[in-house]
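**Q** The lines below spell out each chain.
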Amino acid sequence: MKRFFNILLFEYALSSLKRRGGKNIFIFFIFFLLIFLLSSIFFIANSIKYELRHTLKSLPDITLQKLQAGREQNIDISRVDKIATIEGVSEVTPRVWGYYYFKNAGANFSIVGVDRFTPSYKKSIQKVVDKFDSTIFDKNDTMVVGAGVKKILEKNYYSKYFNFIKPNGDFKRVYIAGTFKGTTALESNDIILLSAQNVREIFGLSEDKATDITLRVPNPKEIPTVAKKLIEMFPDCRAITKSDLKISYENIIDYKSGIFLAIFIIALFTFFIIIYDKASGLSSDEKREIGIQKAVGWKISDILLQKGYEAFIISFVSFFSAITFAIFYVYFLDAPMLKSIFTGYSILKPPFKLPFVLDFQTIVLIFFATVPLYLAATIIPSWFAATLEADEVIR
Amino acid sequence: MSNNLRYFVLFLSFVTIFFIGESMALSFRAKSYEAKNLVVRLTTLPDLTLSTEAKYIRHRSLSDIGSVFSEDPEGISYFATTFVYAPSNVLNIIPNKIIKAK
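Which chain is which? The protein sequence lines are F and Z, in order. Just remember that our numbering sits 99 ahead of the position in the first sequence, which is counted from 1. Just remember that our numbering sits 7 ahead of the position in the second sequence, which is counted from 1.
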């Protein structure tokens with residue numbers, strides 16, 4: 100232990116760093132900024148992935164959609180009975196949903212129809228809805244809206260009800276029965292939940308059609324087989340499994356962070372140039388210092404240890420403070436500016452907190468990509484200088 | 008102990024305390040996914056409501072699976088949602104000529 104940590108040498112390293120204060124502060128700052136940006140991007144990407152992964156398990160296992168001429172078409176409800184005969188399928192639901200463009204605000208609402216408000220639905224709705232009035236819910240024309248929808252409607256003076264415009268131009272008045280809880284904004288911000296019957300009326304959808312069909316398959320190993328059977332049964336359909344969705348999400352988030360990292364390469368190169376500058380040789384001042392140290396009796400190992408301490412202090416302290424600050428920036432300040440890279444622009448943007456996930460794998464990766472590199476770039480040239488004769492170095 | 012060492016230890020302990028403090032505060036943050044999962048179960052829409060400007064936005068299944076560059080809400084480079092900034096709010100749907108005529 101004593102061989103590796105010498106307090107006097109450590110103190111000497113600190114004062115040596117202080118002597119070349121300007122240069123070292125600059126390196127510290129660059130190092131800090133680099134690791135801070137890199138880790139912030141990884142933290143945001145990880146948090147969004149975490150959020151998606153956690154809600155993904157509640158989705159139906161397979162979604163069946165009808166395609167015609169490369170576009171999605173409404174599917175016949177009669178297919179539900181046929182699908183129910185496939186072994187391993189526990190639940191088949193025809194879905195009625197779509198988008199409603201609200202011209203005044205320029206926003207798209209996602210309208211989802213549920214089959215009348217059955218008791219089981221009511222129970223789950225009660226858990227996720229604020230200001231819930233169960234008596235108003237028994238009436239036919241009621242809806243539950245997301246927080247973002249509610250805000251936009253109120254801005255346009257629709258505080259109690261909303262007039263949907265049907266395909267034939269008539270109005271359909273629907274009363275607001277409740278608002279989804281703020282904590283679920285990331286999932287429910289643009290949602291309007293109505294009874295399926297109302298959705299059909301608003302979209303002009305006939306009773307024998309549905310937007311698509313969802314299936315639940317309790318045994319995950321059977322999902323690919325069921326999907327294959329579905330496509331064989333209905334060649335004009337496509338079956339989207341939950342794992343397909345998961346893969347596509349990960350692609351998108353990786354793509355987003357990838358684009359940023361591609362731009363970030365420039366910054367990374369700046370860092371490498373600094374390291375190259377350091378590694379390509381010590382300044383004459385530093386060489387002379389090493390020569391004098393040798394002349395007064397320092398061993399090579401002492402010189403290397405002192406240089407190692409210097410590099411370690413700069414790289415480790417900047418790494419540690421950058422990670423600490425990145426956590427503060429991402430999870431407490433909600434990553435202003437950088438979050439926009441992932442979220443983009445939208446009129447109905449939900450306010451949300453990123454879930455906290457400390458991914459040690461990423462932190463270790465960043466650590467090994469930067470700190471040892473800097474250590475090596477400091478120690479190797481010092482070693483070259485330290486192995487030379489003292490008079491040769493001083494000269 | 009020299010002054011340099013004292014300042015160094017002070018700085019490092021400040022950063023450490025800050026790190027431990029924020030990690031603890033964050034781990035105490037409620038991590039309940041029950042309500043979120045219920046909403047997803049009710050609506051069966053998988054996407055987060057981050058970008059809601061295109062028809063295929065709330066369900067990835069309406070764009071190509073796994074494709075990033077074609078009709079993908081968060082990936083495409085020609086759609087408004089890809090950009091970090093919003094379009095100008097002074098842009099008006101009423102053509103310039105009509106405004107000027109008033």
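If you're looking for bench data, these hints aren't it; they were derived computationally from the structure. Any given hint could be a false lead.
What the hints assert, rightly or not - Below, computed lysine to any residue pairings styled on SDA-like, alpha-carbon distance capped at 25 Å:
1. F:Lys122 <-> Z:Tyr40
2. F:Lys226 <-> Z:Phe35
3. F:Lys226 <-> Z:Glu29
4. F:Lys250 <-> Z:Arg48
5. F:Lys226 <-> Z:Tyr40
6. F:Lys438 <-> Z:Tyr14
7. F:Lys226 <-> Z:Val16
8. F:Lys448 <-> Z:Tyr14
9. F:Lys320 <-> Z:Phe35
10. F:Lys117 <-> Z:Leu33
11. F:Lys345 <-> F:Ile358
12. F:Lys156 <-> Z:Glu41
13. F:Lys280 <-> Z:Tyr14
Quick caveat: nothing in here was measured; it's all calculated off a predicted structure.
**Q** If any of the earlier hints don't hold here, list their numbers in rising order.
**A** Result: hints 1, 3, 6, 7, 8, 9, 10, 13 break, sorted rising.
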